[in-house]
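What follows is the residue order along each chain.
2 protein chains.
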Amino acid sequence: MEADRIYNFNPGPAVLPLEVLKEAQGEFLNFNHSGMSILEISHRAKQFDEVLEKAKADVKELMGLGDDYEVLFIQGGASLQFDMIPMNFATKEHKGSYVLSGSFASKAYKEAEILGVGEVAASSKDVDFRHIPTQDELKINPEAAYVHLCYNNTIYGTEYHYIPETNGVPLFADMSSDMLSRPLDFSKFSFIYAGVQKNLGPAGTVLVVAKKSLLEKSPETLPTMLRYDTFYKKNSLYNTPPAFCIYMVGKVAAWIKAQGGLSVMAERNAKKAALLYEAIDSSEGFYKGHADKDSRSFMNVTFRLPSEELEKEFVAEAGKVGLGGVKGHRSVGGMRASIYNAMPYEGVAKLAEFMESFRKAHK
Amino acid sequence: MEADRIYNFNPGPAVLPLEVLKEAQGEFLNFNHSGMSILEISHRAKQFDEVLEKAKADVKELMGLGDDYEVLFIQGGASLQFDMIPMNFATKEHKGSYVLSGSFASKAYKEAEILGVGEVAASSKDVDFRHIPTQDELKINPEAAYVHLCYNNTIYGTEYHYIPETNGVPLFADMSSDMLSRPLDFSKFSFIYAGVQKNLGPAGTVLVVAKKSLLEKSPETLPTMLRYDTFYKKNSLYNTPPAFCIYMVGKVAAWIKAQGGLSVMAERNAKKAALLYEAIDSSEGFYKGHADKDSRSFMNVTFRLPSEELEKEFVAEAGKVGLGGVKGHRSVGGMRASIYNAMPYEGVAKLAEFMESFRKAHK
Chain A
231 MEADRIYNFN PGPAVLPLEV LKEAQGEFLN FNHSGMSILE ISHRAKQFDE
281 VLEKAKADVK ELMGLGDDYE VLFIQGGASL QFDMIPMNFA TKEHKGSYVL
331 SGSFASKAYK EAEILGVGEV AASSKDVDFR HIPTQDELKI NPEAAYVHLC
381 YNNTIYGTEY HYIPETNGVP LFADMSSDML SRPLDFSKFS FIYAGVQKNL
431 GPAGTVLVVA KKSLLEKSPE TLPTMLRYDT FYKKNSLYNT PPAFCIYMVG
481 KVAAWIKAQG GLSVMAERNA KKAALLYEAI DSSEGFYKGH ADKDSRSFMN
531 VTFRLPSEEL EKEFVAEAGK VGLGGVKGHR SVGGMRASIY NAMPYEGVAK
581 LAEFMESFRK AHK
Chain B
231 MEADRIYNFN PGPAVLPLEV LKEAQGEFLN FNHSGMSILE ISHRAKQFDE
281 VLEKAKADVK ELMGLGDDYE VLFIQGGASL QFDMIPMNFA TKEHKGSYVL
331 SGSFASKAYK EAEILGVGEV AASSKDVDFR HIPTQDELKI NPEAAYVHLC
381 YNNTIYGTEY HYIPETNGVP LFADMSSDML SRPLDFSKFS FIYAGVQKNL
431 GPAGTVLVVA KKSLLEKSPE TLPTMLRYDT FYKKNSLYNT PPAFCIYMVG
481 KVAAWIKAQG GLSVMAERNA KKAALLYEAI DSSEGFYKGH ADKDSRSFMN
531 VTFRLPSEEL EKEFVAEAGK VGLGGVKGHR SVGGMRASIY NAMPYEGVAK
581 LAEFMESFRK AHK
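These protein sequence lines are chains A and B, in that order.
Residue numbers for the first sequence follow this note's numbering, beginning at 231 and rising by one.
Residue numbers for the second sequence follow this note's numbering, beginning at 231 and rising by one.
It should be emphasised that the hints constitute simulated quantities derived from the structure, not laboratory data.
Warning: the hint list may mix true and false statements.
Identical copies carry no separate label here, and so any pair may be met within one copy or between two of them.
[As the list claims (entries may be wrong)] List time: in silico DSSO-like cross-link candidates among lysine-lysine, alpha-carbon distance up to 27 Å:
(1) Lys523 - Lys590
(2) Lys252 - Lys276
(3) Lys441 - Lys487
(4) Lys447 - Lys340
(5) Lys337 - Lys447
(6) Lys340 - Lys464
(7) Lys337 - Lys355
(8) Lys550 - Lys276
(9) Lys337 - Lys276
(10) Lys463 - Lys340
(11) Lys593 - Lys542
(12) Lys523 - Lys580
(13) Lys355 - Lys464
Just so it is clear, the structure is predicted and the values come from calculations on it, not from any experiment.
All chains, full assembly: derive it from the sequences and hints.
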């Protein structure tokens with residue numbers, strides 16, 4: 231870590247690979263011999279087209295997906311997807327079926343409900359979202375337009391460790407906080423999306439990876455900017471796209487490839503997560519994890535301390551030694567360490583050591 | 231101009247002030263002693279809050295607006311505003327009334343029409359959008375929810391030189407391509423918006439400046455992300471905002487203030503535009519302006535050459551001497567020089583000289 235930078239455990243916007251930041255900084259005034267900043271170049275320019283196509287190709291290659299999937303970049307955050315998905319795909323006859331595994335999963339459902347086209351397939355709200363609903367708990371209406379999951383729950387620190395069997399109902403997933411963090415059989419999903427500001431780039435675009443068959447035609451009554459076919463037919467260039475965000479996502483995808491792809495990411499992320507869960511499990515109850523063990527996230531590690539006073543002290547002391555952004559979300563309280571792809575092992579090791587010394591000083 | 235940068239006449243994304251780019255580059259790895267890049271910092275952090283509040287305050291100060299107006303940052307481009315505006319404000323009884331002065335003005339109307347809530351107040355389509363409809367040409371329905379203008383027409387190179395009298399109907403304006411380029415009595419407008427990628431920053435956010443009374447309450451049936459009250463009540467932080475774009479808009483607004491504000495911008499922009507219009511008008515018909523003289527834009531100067539071959543040659547030769555992005559939009563053809571706030575006088579002078587020498591070589 232460079233002397234003046236901290237280890238940033240924020241949940242998103244979040245840490246980005248330092249190599250990627252330096253590369254972007256180096257070419258900030260003159261992108262690829264264009265004589266312009268990437269911020270200034272036309273989205274219709276050849277140089278930008280190369281950026282867009284390479285980003286799309288790298289994402290699909292990392293995910294092992296073929297020609298039947300398309301990659302789109304859409305503004306508005308995952309929150310706008312919560313609206314666009316039911317508007318494009320659900321009807322009163324064929325509703326969207328939602329698995330409520332946390333805050334964003336529930337927000338997605340709420341939007342479908344506003345539109346009158348949502349139903350619930352399962353919920354772990356009654357156990358404070360400590361676990362991911364199991365296959366047995368899912369009540370999937372075979373007439374549903376789709377089953378919607380939030381694959382990693384940033385706030386609660388839980389993550390799916392299986393891909394639900396939906397018996398032919400298309401599977402949709404918000405992967406905002408674990409996109410490209412590990413290999414999955416992505417071909418089991420019909421529609422995946424991610425606000426990129428957690429694992430893939432700066433805030434300002436959503437990455438959508440979906441079956442072309444879903445994107446080709448949208449309901450005629452929808453306004454232009456809320457139709458997926460607008461983005462699909464115009465290659466995400468119907469209007470000016472969030473060019474800098476796409477450029478950064480492309481750089482991060484290339485960085486993941488250069489590191490060895492999703493299996494290397496998964497291995498690193500598992501090692502990092504193990505360090506923190508071990509620090510929790512070996513703390514003799516000083517640290518209490520929020521998530522049930524079988525639902526623990528590789529991306530967001532949530533835990534409480536014996537008192538709110540100690541939690542405040544933990545945040546303050548951690549900040550003094552360059553460990554930032556560890557305060558948890560108010561709905562869970564305590565701590566949350568977000569350890570996305572770009573968080574180096576050294577940062578997590580330092581946090582684990584800090585946890586141990588803090589515990590010894592306060593037990 | 232730095233040796234390896236060109237003069238960038240692109241219509242948007244477009245040239246940004248070099249001082250601003252250098253400042254952003256300098257602090258790219260560590261924003262304001264946070265130990266994080268501005269791309270990595272939480273949108274809930276104190277440092278980001280300062281960025282947001284300063285950007286909002288500077289924009290309002292530059293526009294001379296008071297407490298009855300609010301500044302919002304919304305993703306999706308002006309194109310999503312074309313949808314949100316009628317969804318939030320128009321009904322079948324009180325339609326949105328649109329002045330069709332060019333391509334984007336017409337696209338805005340088309341969206342209202344899809345929603346069944348649009349009507350036309352005036353159009354200059356029959357004269358190929360060469361002029362801005364005059365006050366006398368406007369047929370404003372007193373029952374209209376709003377009158378919608380596109381204040382500068384990037385593609386056709388026309389701009390309003392008066393503020394329409396609407397007899398109490400709220401005035402809405404898309405100012406994507408001339409926002410903060412000159413002083414206006416902005417208090418005559420109820421709702422102003424601008425995709426920032428022309429005059430104010432990198433692509434990825436829309437700046438909305440509107441009367442609070444319009445933003446306080448949106449129709450209950452609308453999904454969350456399509457309601458202005460969502461953005462208003464949460465200070466544009468309902469979900470993760472396009473933080474980097476907001477940061478850059480803030481820097482550009484501060485730069486405009488440091489230059490002397492909108493009157494200085496207007497003076498500079500008028501001088502730059504005069505150079506090019508003079509080159510057209512004194513060309514003995516070699517260059518033909520698209521816009522009628524009384525509707526000429528200070529921001530986008532559009533003109534044709536005697537043949538398409540010469541136009542191709544003009545673009546190629548201009549490129550060789552570091553004058554980029556001068557090719558016009560296909561719907562007008564010929565050339566378009568976009569000379570926003572950040573385009574230095576020297577760049578325009580160089581283009582005017584080039585026009586003269588090209589004309590002499592080919593007349």
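| request: Would you pick out the hints that fail for this structure and give their numbers low to high? | output: No hint contradicted; all consistent.
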